[in-house]
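**Student:** Here are the chains, one letter per residue:
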Amino acid sequence: MLYKLFILRKKSGSTLLTNKKSMLYCGKQTNPSGFVCLLYFRRYDIMGLLNEIAEKLLKNFLSLKKDDWIEWIAQPNDWQDDCDKFNSCYFIVKQMPKYPQHPRCRCRLKKIAEPIPNITAKATCDIRKFTGYIFSDKYDDGKKELFESWGYTIEDSGYLQQLYISQAIQKYCDGQYQYVGVNDHSAKISITITLTNQNGVEQHINTIWKLGQKGTIDLIAPYSGHNY
Amino acid sequence: MNKYKNNALVEEMDAIILLNDNYADQGLFKGYIGAVMSNFIEKYGFVVADFYNPFTGKSIQPVIEIKKEDFRVISGSVADQKLVKEFKDLFRK
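Protein chains in written order, with the numbering used here: chain D, 19 to 246; chain Y, 82 to 174.
Nothing false has been slipped in among the hints.
Quick list of in silico lysine-lysine cross-link-like pairs, BS3-like style, CA-CA up to 27 Å:
1. K124(Y) with K162(D)
2. K112(D) with K189(D)
3. K163(Y) with K148(Y)
4. K232(D) with K169(Y)
5. K169(Y) with K140(D)
6. K128(D) with K166(Y)
7. K124(Y) with K148(Y)
A few chain D positions that, by computed beta-carbon distances, are all more than 12 Å from chain Y:
8. I110
9. R122
10. Q185
Derived by calculation from the structure, the hints in this document are not laboratory data.
A virtual CB, placed ideally from N, CA and C, is assigned to each residue, including glycine.
If we strip away everything but chain Y, and leave its shape as in the complex, we get (with noise of 0.2 Å):
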């Protein structure tokens, strides 16, 4: 079992990926990556996680709970560098 397989092992800094619209209201969206700043998901099921304009480092969400079961970990593969590319592609101008 590894991060990329069990969200409970995700560390700081590493990037995740939303996978639904759970958080729009605050601006958020499927498909939005952000970065983790801590693993809280064994005391209360959720990381803190910081969301920001991939270009001009602009804060969305700084700081923000994501429930365990709303994201996965973004790893090296090529689908999902694909993914980060459409996202950096919503905020390229």
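The following block holds chain D by itself, in its conformation from the complex (with noise of 0.2 Å):
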């Protein structure tokens, strides 16, 4: 089912009263003095504020639940925003991407069902994002060194390039991911992946993936620091 969203557009700054270049007017209150108030609010809390309110309002409309999966439908338009960059990827709605983006954003929320891996959603991750770059010789940056003390080295590329793929899609589908943000690129979102050492010992790492159109995960960065 799709949903179009109209509300509160009129408001932004447009039914509020504007009377100084960064500064609303929202209306002046009489003290028992009789000494006249005027209520004025930083521009940038307001507009901060009504854009809170904005996306509760939104959510609420669309009976969105915070466990509920939504894909995201970007509008072609004239003004260079760039939603596309989060077209046709999917979110769940405790870890989207604000909504609306901006004043005037046509983006469409879809409610879509729960991701499936491997059928309604897909991982991907280059086997030289290992035999590259973390054990590559060529970066003395520690990476390598900390897989090898774990008991990993380049012939288990293979490995952990599988392990990477079936934690990472089973993390996205259960919606236990992080949203980390954009880069004026794509959407970027935190996934952890659980290694065992030689040891038997856990270790938890944040890697980045980029997220793809329906459902689809790249991996970009396969080790960006541990979580603890």
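Take the two lone chains and join them into the complex the hints point to.
**Tutor:** As structure tokens, this is what we get:
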């Protein structure tokens, strides 16, 4: 089912009175002694509040619960806002980008069923993330030593690739990811991958994935710090 | 000084745009946009980046070294957003 959102558009700046460049005039109050107090708020405070309220109202309007899933449908527009970095991406409501993204945003949300690993969602991970990066001798950044201290070598790249894919797709579909923003190019999520070292101790590491269209996630950074 | 003026300050996951065709033999051309994985500019003079098809997510170069003089960081400016759109249009079906 498709929903289209119109509400609150009029209130972003025009309904409220503006009398100073960076301030919004919100009304006046008279105290018992007769002094009139004009209420001004900084524009970005008001806009921030309005955005928050708008977001809540919109989600209520759509009857979205925090564990629901949506597909983001971006609309072509003339003002280069680049919302299309979210186009056709699947998000769980509790970990989705701010909606609407900006005033006059025409993006829509379509409620969808929870993605199913390897059926309606897919993870990809290039083996070169391990062979040419983590285990590369060229970079002296400690990643190779770290993975080797856990008992993994370059020969385990294929195993790690499969492990990352299977854990990431399951966690993504379970909503166990963190939306970590965009880089003006695409939306990013962080997923914790659990590796077991040679002593049987679990290591929880952060990995960064790019959200693609229709439930696809692609590994960008195979190690982005520890998750203690 | 910030990362938009000084490439040495580029951070993990920043989007960068290629300024020339020095990597054409590896399938990367001027205007292609990728994501930084590691910043080695101080040590080695390059970043390690990931370039992929913005629609399919399919890797173009999942791990490639880009010299500091061959890229700049994409900002949120209207002009840069236009460059992002132009890059995406190359892959749009």
